Structures are given as structure tokens and as C-alpha cells.
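There are 2 protein chains.
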Amino acid sequence: MKLDVRDIYKNLDQYMNQEVVVSGWIRNHRKQKEFGFIDFSDGTYFKNIQVVYDNKLEDFDEIQKLRVGCAIEVRAEVISSPAKGQEFELSLKKLTLIGDCPEDYPIQPKRHTREFLREQAYLRPRTNLFGAIFRVRSITAMAIHEYFQKNNYVYVHTPLITTADCEGSDQMFKITTLDFNNLPKKDGKTDMSKDLFGKTAYITGTGQLHGESFAMAYKKIYTFGPTFRTEKSNTKTHANEFWMIEPEIAFCNLEQLMDIEEDMLKFIVSYVLEKCPLEIDFFDQFVEKGLKEKLVKLVNSHFTRITHHDVIDILKKANMKWEFEPNYDSDIAKEHEKYITEYFNGPVFITNWPKDIKAWYMKLNEDNETVAAVDLEVPGAGELMGGSQREEDYDKLMNRIETMHIDKSTVDWFCNLRKFGSCYHSGFGMGFERLLIYLTGVDNIRDVIPFPRTPGNCDY
Amino acid sequence: MKLDVRDIYKNLDQYMNQEVVVSGWIRNHRKQKEFGFIDFSDGTYFKNIQVVYDNKLEDFDEIQKLRVGCAIEVRAEVISSPAKGQEFELSLKKLTLIGDCPEDYPIQPKRHTREFLREQAYLRPRTNLFGAIFRVRSITAMAIHEYFQKNNYVYVHTPLITTADCEGSDQMFKITTLDFNNLPKKDGKTDMSKDLFGKTAYITGTGQLHGESFAMAYKKIYTFGPTFRTEKSNTKTHANEFWMIEPEIAFCNLEQLMDIEEDMLKFIVSYVLEKCPLEIDFFDQFVEKGLKEKLVKLVNSHFTRITHHDVIDILKKANMKWEFEPNYDSDIAKEHEKYITEYFNGPVFITNWPKDIKAWYMKLNEDNETVAAVDLEVPGAGELMGGSQREEDYDKLMNRIETMHIDKSTVDWFCNLRKFGSCYHSGFGMGFERLLIYLTGVDNIRDVIPFPRTPGNCDY
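Chain order of the listed sequences is C and A. Be aware that the first sequence starts at -3, since it is given in our numbering, and climbs by one per residue. Be aware that the second sequence starts at -3, since it is given in our numbering, and climbs by one per residue.
Keep in mind the hints are simulated off the structure, nothing from the lab. Keep in mind the model is a prediction, meaning the values are calculated, not measured. Ideal Cβ positions, reconstructed from N, Cα and C, are used throughout, including at glycine. Treat the hints loosely; a few may be bogus.
[Claimed, not checked] Here are a few chain A residues that face chain C, going by a calculated C-beta distance under 7 Å:
1. W21
2. V152
3. F193
4. F247
5. E251
Chain C extracted, bound-state conformation (with noise of 0.2 Å):
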């Protein structure tokens, strides 16, 4: 019977002394005398199944000759094991080699470096540790569907290409089919007009505005999919290419979307420990040493609200040297950030920051000097999600566009929202590979991406 590992682990007293097939790869391979042992892996689980046979084996001699990485079908009789901490392994009835591997096969059953890794993104799902941050990431795309769908928002597929100016064209790339080496031109310019959707376009960094027009359609929508930006930053945060999430919920104030905010984060950090135990044992052994704990203090904290301004004054009142000192007119700084969820020992939103510093579309406080803007910062990874609160009126809308210069030719339509049955609501985005970051302790964003695109890095 053809199986996945993952079959004989989870049902391991229906398979137990029967014959099995899988097929899969050499992890490792074992060679004694009269013996051989391969670890033995197939993906589909976090642990491997070691496969033991003997000399009695006719081919004995060309199974003992197989290289790591070669992929084999392997016909063997579940047993129980003698060897310590190991349940079962198959002992081989019969071996088929599917595909072989050279000697120089980079992916060897020894430590590599991350860095090293990143040049074999191709491979490096193949690892222990890239195999479970991958899988990781997929179990936590699948909790955030479920629990956005379980609570019955509407999953929409806002646009990537645009023409609309959401957070500043300098940030977007622009897309063409021109030839770079013989464009078109109109009075000594570059003529856009002749490109495919006649005007330049761009792909976009956030799907908010088209998702808000949905907002205003279902009450309640999110989106996941990819975003870009142009930044030339070579940090450990920051690619060019990545996920991002954005709910957007109508008749919603920005009390109420930090209920939301909380709830999403609690049920996804408590699906991943569910369904992914193993993997975050071993980020806990490997990668970050009490990783778990936090998760499960994460899933049972209170989350402390509190404004911007109160921060200030916390930090401000601090018995500390800061590099840079804090300041009611500007954004904290990562070494804030840290002190002020230690403080709080916990999760904490800072709601209603100077307007200066915030984006547009965020609804503008009585105070005049404020907008109702939220940030979740968590302990150990910092900014997690932002939001806010919408403005909903026209014509505060219309003010800020033109303080901000924003080009309004572009985002018309998205203004209009607030004519046609306008009403308060709010949302937030959640860069996924942020929460995925903070999941398994993996630190640098090239890390959990399968093939990350950064300033001067596009291969594969």
C-alpha cells in the first residue's frame, strides 16, 4: 500500500506490522558491515523513518553504494524499534532506486549556515529547518483563511497592478511591455500612452483602497496576497516581495478592531501549536530558546491599550539611556518598542499617533492633532500590525489629500466611497512574514520566504 510518512505516524497502530510503500529521499545513510540504516524521508512529516536491512538482501551491496539525496521506493514491513526515543522503522523488503545523486550534492546531513542556504533556495526546503519554517508558513496562510472565513468575511483578490497612487508611486515598481531599448516617445518624453494599459502602471503595495470599495459591498472583507516595494534597504525586515494581510470591516470603530486584532492573533498562534508541535519544538530547541513559552503566554495575555501620548510619558519617565529620545510628535523607536512591551509584559496597542507620521486615509481625532491609528506591538518582534480607523468624511478626506499631496486624479473613486453611504470602519494589515518571523524565531525575513527578492538578489 503506497503511503505518505505522515499516514504511517498518524496511524501508526493500523500500519504496525504490515507492508508499507513509500517513496521518497536518502536523508542520511548508515553503513555497517551487516547492516545499513537510512534515514528516510518523504516531506510530508517533520521526522524521518529510519529504514534498516540486512545482508540477507540480495542487492545489499548496491543499496550500501546509495548516496544521500537519492531518491528510492521502499517496500518494508513496519516494526517496532529497539532504538531509543524512535516508535517504529521499516525494515526493507525491497528497494527500487527512482533517482540518483551525485557525490557533490550540496544538501549534506551535516550543519550548512543559513547564508549558505539562501544560495541553494531551490534545495532548502530539503533541510529540517527550512522544511519546517515551509510548512509552518503554509499551516499559518491556512489558519488565517479559516479564521477569517469561520467568521464569515469575504477573501477578496484586490488588484495588484494599479494606476492608483496608495502609499506614493516613488515606493511602487512600474510595470511595462515597452522595449527598454526602443521606447516610444511624445514631445521628448517617454510616451506611456503606447504601453499596454495606456498609462503607466505600477504593482501595488497594499490592496487597502480597493479593499475598503469591497468593505463598503460585505461589511467584511480581507485580503492576502502579495505586495511589493521598491525600498533598497538590506535589512534583516525588509524584502521586496512579500505577503501581506488586510481586513477591512465597516460600522467597526478602532476599539472594536483591536477585538478583531487580538482574536485573529490569538486563534492563528493557537492553530500553529496545534497543528505544528513538532516544528515548533524544534524552533524552540534550535532557533529561539523559549520560542514556545512565549507562544502560549501570547495565546493567554491581556493586550494593554493605551495612546501614543502615554507611551511618551512612560518612556520619557523610564530610568534609561535612549538613543533616541522619545517624543510626542514622532514614531518610537525599536529599543521603545522593546522596553514598552517588557513594561507591559505583554502585547501592547498604541493607539491615536500624531497625524504627521501616519498615513492619509486615517481618520483625523477631535483633538485635531491625532488620528485614530493603532499599532500592535508584541514582545521580541515589535510592530506586528497596523491599522486604523478610516476618515469617512469627504471633506476632512479631501483636506488631507492635498496637505499630503497625494495625486488625486488616481483615487477619485476611492473618495467617493464617502459620498455613497458613507460610514465609520477600520482595518489593518499584517505583513505575513512578520507573524512568521515572531512564529518561529527565525530573525531575518530571507528566511521565510521561499525565494526572497531583495535589492540585487532576484536569482531563481
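Model the placement of chain A on the given structure of chain C, informed by the hints.
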């Protein structure tokens, strides 16, 4: 108690004769001298709720002035309804106007053409038709995730930005951060080494190549994300941005691939029939007569499996005047697809296609003339999925790459997968919008994409 309209419909027993609060929009408003009737929707359910009020209310006159499109909060009692075909209605206690709506609001309670509504893309989800379409889109997306996750596939976010020549770079959008009016030059040509990634980069038309590398680690993976083509076609089935699902399975041959395709499609259709009964009934009544019967039939049908050669035999023997003569060396035309699904009275897998009309990575059959490709044709929608066993032999793949003039340097790593534990493996692609056209009966791709992008059209 603040509720969604959906909550009341789903738990009517619980809320009957209770006071509830709902927020949403006026879809229609009929006024009589002493009474008024508001068709109220909050978008969480296909059906509206009727809100009735009479002149005993203090603000009766103001309420009567409320126009279609207004956002309102309604406090009311759930009561059984005397009206036909309606289980309950809301007896108004208090109405609060949240957002007004002018007389010239484009979405009025009358029949609008789909062409008109396409020009109101940001408002059209507020109509019955598009409200239903995009809810089905959301539920169908979830069906796909549930199918693959319950079968332990790993969801892989393959990169959109790529430098690999997957399907011919002339079909891909180039992306750039360079200034079109001030391009850096070197030897008379545009110097792409000055761009963000140091070379020409594209947004991709497929995740398959990257997906394969993950299938060689996890055995079973799927992708589900946006995809781009530069085609200048203005047809009902072409868009420049659309979503694709691309599963890839190691140790899987063409027969097993067809098993998976059939199982997946039946799961999705059953799921949508179960979760969206009202929407499907609506499409059945107003969009495609017989839609529901078609879908139920598919779930219970046997999918025929037949070679391309035998299909051509049948077409040649048919007593038909073809516009395009069937040919053993060629693709089949739409008229042939239609004939063959009617001939077999159900979905048909067509296998073993002439190698010259299929992609370079497909497995060459032993006849050296055909490849192990399979297209699934479904009644009424034509080709729904296209897949193949992949060429797993390094030398044969190299031959194909040369013959088909693929830029080898960009897919080196992909070819290397054939060196390091290669195995027979297969995968397919399904255009998400094509599936939605099949599920809803809506025949234009522009009407199943929230904000469609087609040549010359990139508004919103």
C-alpha cells in the same frame, strides 16, 4: 445586540421576537402614506431583510426621505412576516442615519447592464449579481485551500518577481524602478544592471518551476496566487492579471494526476453547492439556466480518459462541418472541445499531445512524438485544467530546451532538480477565473475579477 444579517437568517429561532441591532445599507425603499418598507442589506448574506416602519415613529417623515444607498443603523424587533416567501421581517424601533447618499447614486434598484457596472467596479459588489459572484469567489478560494490542506499539501508562495524564462519572456511584464525619461545607458543600450535587482526582472506567468523545487522536498505542494500575461487579447476569457492554482506532486504519474484533478474538482463543486445554495440558485435562474443541474451532474459523473490521437479519430469520423479541420499534429479548437464533451456527455481528460504544441518541460513519451500532457475539458466551459508529467531526465530536458530555444542560463537550477534525486512527478494548472466562469455561468472574465485588467483598461 449588534448582529450580522447572516446571523439572524442562520439562527432565526433564537432571535425571533427579540430586539436586534444591525448596520448596513438601504437597497430599496418603498413608501406608503402610513408605512414604509426598507430592503436592508449589510452584505453578509445573499438575502436582504425587510425593515417595516409606520407613522407612529416620531421621525417617520425623516425616515421616509432616506434614499437608496444610505448607511443606517437599525434597532428593531424580529417578527414573523405576513409577506409571501419571507420568513421574518424587522419591525423598526429606532433608525440612525450613518452616511447619506445622493440622488445620483449610480446603483439604483433596477436592472443595470453588466457593461455599465464594469465601469462602476468599485460599487458593483453592492448589486445582487456581483455580490453573489464575489462571495462565490471567496468561498471557492477556501474550497481549494481546504482540499489541499486536508490532503496535506504544502501551500507554497512562489515568487511573482522572477528572472527565469518560464514561458517565454515576451509574454511577461518587465518591472523596473528606473525612470523611463532618464534611463541609464551603456554601449548605446539601456543598462539594466542599474535596476534594483541588477538585471531585467519580470512578473511571472507561472509558479510551476519554483513549485517543482518544493515538490522535490514536500512531495505534495500547491500554489495559489496572481499571475500575469501581456497578451493584447480583448476576448471574454483573457485578462492580463488572473489567479492560478498550480499543484505539483512527486512520485506521481499522469494517471494518478488525473485522479487528483478529478477528486479536487468534485470536492470544490460540492463545497460551493453546499456553502452557496442561494447564490447558485440565483445564477441558475438569472444567468445560466440549468447551472445547478450541470454542477450536480459533474459531481456524480465519470470523467472519460482518452488520448489526443483517439479524439482526432472521433472528430474526423463525426458527421460535422468543422471550421477547423481536426489534425493529429495540432491543438483542438473550441468547436472540437464542445463536440467531444457532448460526445462523452461529461468531462473528458485528453492525454498524450503532440510534443510540438506543448511546453518544453513536459515528459516525452516513448513514441518520441507525444508528451505526457493532459487537458481537462468540461461541458460548457472547455479547457479547465492543463497538466503533465514532467520531464525528469536531465539529458532529455536539455534536448527540449535547445529545440524550444529556452534561455537555459535562467532555468539552470530547475534543470539541476533532475540531478539531485530526480523522480517521476506531475502537476497541473487551473485558472481560477475559468473555474469561476464554470461555477457561476457568468461568461466574461471581467465579471468574475474584482478589478479586471485588460489591454487599455487599468482604472481603479
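So, going through the hints one by one against the coordinates:
| no. | hint | verdict |
| --- | --- | --- |
| 1 | W21 | holds (5 Å) |
| 2 | V152 | holds (6 Å) |
| 3 | F193 | holds (4 Å) |
| 4 | F247 | holds (4 Å) |
| 5 | E251 | violated (13 Å) |
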